[in-house]
Amino acid sequence: MSTSYNLPSRAAQEFERARHRYVDFAEEVGRILEDALTAAEIKYQAIESRAKAVDSFDAKCKKVNQTGTPKYADPMTEITDLAGARIITYTLGDVERVCAFLEKHFDVREKKDIGEERLDLGQFGYQSIHYLCRLNSKRLELPEFSRFGGMICEIQVRTVLQHVWAQIEHGVQYKASSALPKSIKRKFTSLAGLLEIGDREFLAIENEFERLKDVVRSDFEADLTREAFGNSSASGVALPEGSLDEVLRVRDLVADGRYPEAIAAYDAKIAEQPKSVTLFMGRAKAKFLSGDVAGAEMDIKEAERLQPNNRAVLDLRERIVEGNIATEASSISASQANELTNLGHDALSLGDGELAYLRYSDALDAGASRPFSIFNRAMACVLARDLAGASNLLSGLQIRPGTPMEINILALRAVIGRLSGDGSEQFAIEALQQAVRIKGDFSLQLSPLSKLQAGLSAKYGSRELGRSLDDIFNLFDMAQCTSAPEQESRL
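Offset between the sequence shown (1-based) and our numbering: plus 1.
None of these hints come from the bench; they were simulated from the model. Backbone N, C-alpha and C fix where the C-beta goes; we use that ideal spot for every residue, glycine too. Take these hints with a grain of salt, some might be off.
[To be verified] The following label-pair restraints were derived from C-beta to C-beta distances:
hint : residue 1 : residue 2 : range
1    : Asn339    : Pro261    : 38 to 46 Å
2    : Asp268    : Glu111    : 49 to 57 Å
3    : Gln434    : Glu273    : 50 to 58 Å
4    : Glu323    : Asp114    : 36 to 44 Å
5    : His21     : Glu111    : 19 to 27 Å
6    : Ile169    : Lys63     : 21 to 29 Å
7    : Ser138    : Met77     : 36 to 44 Å
8    : Asp36     : Met77     : 24 to 32 Å
9    : Ala272    : Glu111    : 57 to 65 Å
[Stated by the list, open to error] List time: in silico DSSO-like cross-link candidates among lysine-lysine, alpha-carbon distance up to 30 Å:
hint : residue 1 : residue 2
10   : Lys61     : Lys183
11   : Lys63     : Lys183
12   : Lys105    : Lys44
13   : Lys61     : Lys214
14   : Lys53     : Lys72
15   : Lys112    : Lys61
16   : Lys214    : Lys44
17   : Lys64     : Lys53
18   : Lys64     : Lys105
19   : Lys186    : Lys61
20   : Lys186    : Lys113
21   : Lys72     : Lys61
22   : Lys113    : Lys63
23   : Lys63     : Lys139
24   : Lys276    : Lys214
25   : Lys72     : Lys186
26   : Lys302    : Lys276
27   : Lys113    : Lys72
28   : Lys63     : Lys53
29   : Lys44     : Lys183
30   : Lys72     : Lys44
31   : Lys113    : Lys64
32   : Lys113    : Lys61
Using the sequences provided together with the hints, build the complete structure.
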């Protein structure tokens with residue numbers, strides 16, 4: 002083997018004899034990462050793996066401290082990048098997801114955020130997350146991995162922009178026979194700052210697009226439920242002449258992320274009803290969620306051709322094509338939005354879940370609070386025995402610990418679990434008990450859940466279904482009640 006060192010160190014000769022194990026180990030780590038990240042649907046641009054070159058190892062062995070003593074007394078154990086892998090992602094969000102994956106599925110011995118360490122030293126430039134990892138114990142129990150026990154792999158995680166900077170900086174440094182001039186170093190530092198801004202902007206774009214998709218998906222599911230409950234004129238998205246089961250099937254496909262199947266359902270209906278604006282709007286949303294933005298825009302254009310002044314079509318264009326989450330869906334005043342919410346509460350208390358859902362949806366269109374309108378619609382779905390719809394709605398709500406909304410959501414999840422009969426309510430009940438104890442001042446009578454309790458009683462009376470939920474609602478007796486104005490202000 003040719004090398005740039007005429008007299009390789011004894012450690013380098015030892016490493017050369019053992020290097021094949023590190024080649025195998027690095028290749029295996031790379032394969033594990035490719036398979037696992039793909040299965041977990043974590044995006045990456047490339048995964049590289051390699052064993053350290055002998056001449057590079059030898060050069061590292063020969064490094065000395067300021068005192069002139071060798072930097073590594075035992076290079077084979079102290080040099081930790083003998084096997085290495087690098088994961089290059091698209092955005093900082095992808096970096097976070099990859100890091101979370103590594104920390105869960107590998108035995109992490111050390112983690113370094115090189116960018117943060119440099120910043121602490123008043124420096125700026127190279128950015129990357131470095132891990133020293135071993136295969137976890139479960140993997141090492143398998144015969145094909147047992148030979149890698151005790152071996153460490155350095156895994157680097159960085160974005161494409163960080164990688165480009167590092168590669169160019171390394172190439173220039175490699176060509177220089179000594180340290181770079183200060184003026185060139187300053188330019189590299191400035192460029193690193195610009196690229197960090199670029200990374201943060203890409204992350205902001207990713208987050209904004211995900212938020213837009215979440216809003217579209219949530220509204221799509223909700224409007225399909227509204228359609229199923231009888232409001233075919235308002236939603237503009239469902240299968241207008243389809244059966245209740247067909248509409249709910251499409252909604253469940255959307256909730257499960259099975260967009261190609263939802264699109265196929267719309268394709269079949271459009272073949273039957275080629276002039277239906279509602280069908281083209283529904284398919285546009287399904288295509289947008291599937292990633293086919295161009296296809297969605299084509300369906301919106303067809304809907305506009307069929308009905309040029311349709312306000313719902315124009316709002317959909319504003320949202321999907323222009324990317325504006327807030328659209329001019331309604332000009333109804335806030336007082337009217339509150340009135341619609343109260344009408345929903347009245348319908349819920351009387352046991353009419355379908356009508357309550359429609360009124361809550363109208364209230365949201367009128368500008369009512371989105372999180373509370375979603376929760377109200379979930380209660381309406383429960384009363385209508387649409388448990389899948391209720392679960393889908395709750396999954397889109399963020400729980401903030403220590404708030405009344407946390408208690409509301411946990412209680413409704415417990416109710417859904419009890420009614421579904423799958424035993425899933427136990428975890429929600431335990432979490433609810435703890436949340437009520439911590440809050441200490443939650444009053445059921447001041448919560449919209451009291452409307453659901455009244456509705457269940459009105460619809461089912463003293464039958465077993467109503468009685469089976471009493472223990473869940475009785476959990477609120479543990480809490481101390483506050484005055485009505487104070488409780489209402491926090492809901």
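Okay, the hints, checked on the actual structure:
no., hint, in the structure
1, Asn339 <-> Pro261: 38 to 46 Å, "holds (41 Å)"
2, Asp268 <-> Glu111: 49 to 57 Å, "holds (53 Å)"
3, Gln434 <-> Glu273: 50 to 58 Å, "holds (52 Å)"
4, Glu323 <-> Asp114: 36 to 44 Å, "holds (37 Å)"
5, His21 <-> Glu111: 19 to 27 Å, "holds (25 Å)"
6, Ile169 <-> Lys63: 21 to 29 Å, "holds (27 Å)"
7, Ser138 <-> Met77: 36 to 44 Å, "violated (23 Å)"
8, Asp36 <-> Met77: 24 to 32 Å, "holds (30 Å)"
9, Ala272 <-> Glu111: 57 to 65 Å, "holds (60 Å)"
10, Lys61 <-> Lys183, "holds (26 Å)"
11, Lys63 <-> Lys183, "holds (27 Å)"
12, Lys105 <-> Lys44, "holds (17 Å)"
13, Lys61 <-> Lys214, "violated (49 Å)"
14, Lys53 <-> Lys72, "holds (18 Å)"
15, Lys112 <-> Lys61, "holds (21 Å)"
16, Lys214 <-> Lys44, "holds (17 Å)"
17, Lys64 <-> Lys53, "holds (16 Å)"
18, Lys64 <-> Lys105, "violated (35 Å)"
19, Lys186 <-> Lys61, "holds (24 Å)"
20, Lys186 <-> Lys113, "holds (23 Å)"
21, Lys72 <-> Lys61, "holds (9 Å)"
22, Lys113 <-> Lys63, "holds (24 Å)"
23, Lys63 <-> Lys139, "violated (37 Å)"
24, Lys276 <-> Lys214, "holds (27 Å)"
25, Lys72 <-> Lys186, "holds (27 Å)"
26, Lys302 <-> Lys276, "holds (13 Å)"
27, Lys113 <-> Lys72, "holds (20 Å)"
28, Lys63 <-> Lys53, "holds (15 Å)"
29, Lys44 <-> Lys183, "violated (37 Å)"
30, Lys72 <-> Lys44, "violated (38 Å)"
31, Lys113 <-> Lys64, "holds (22 Å)"
32, Lys113 <-> Lys61, "holds (20 Å)"
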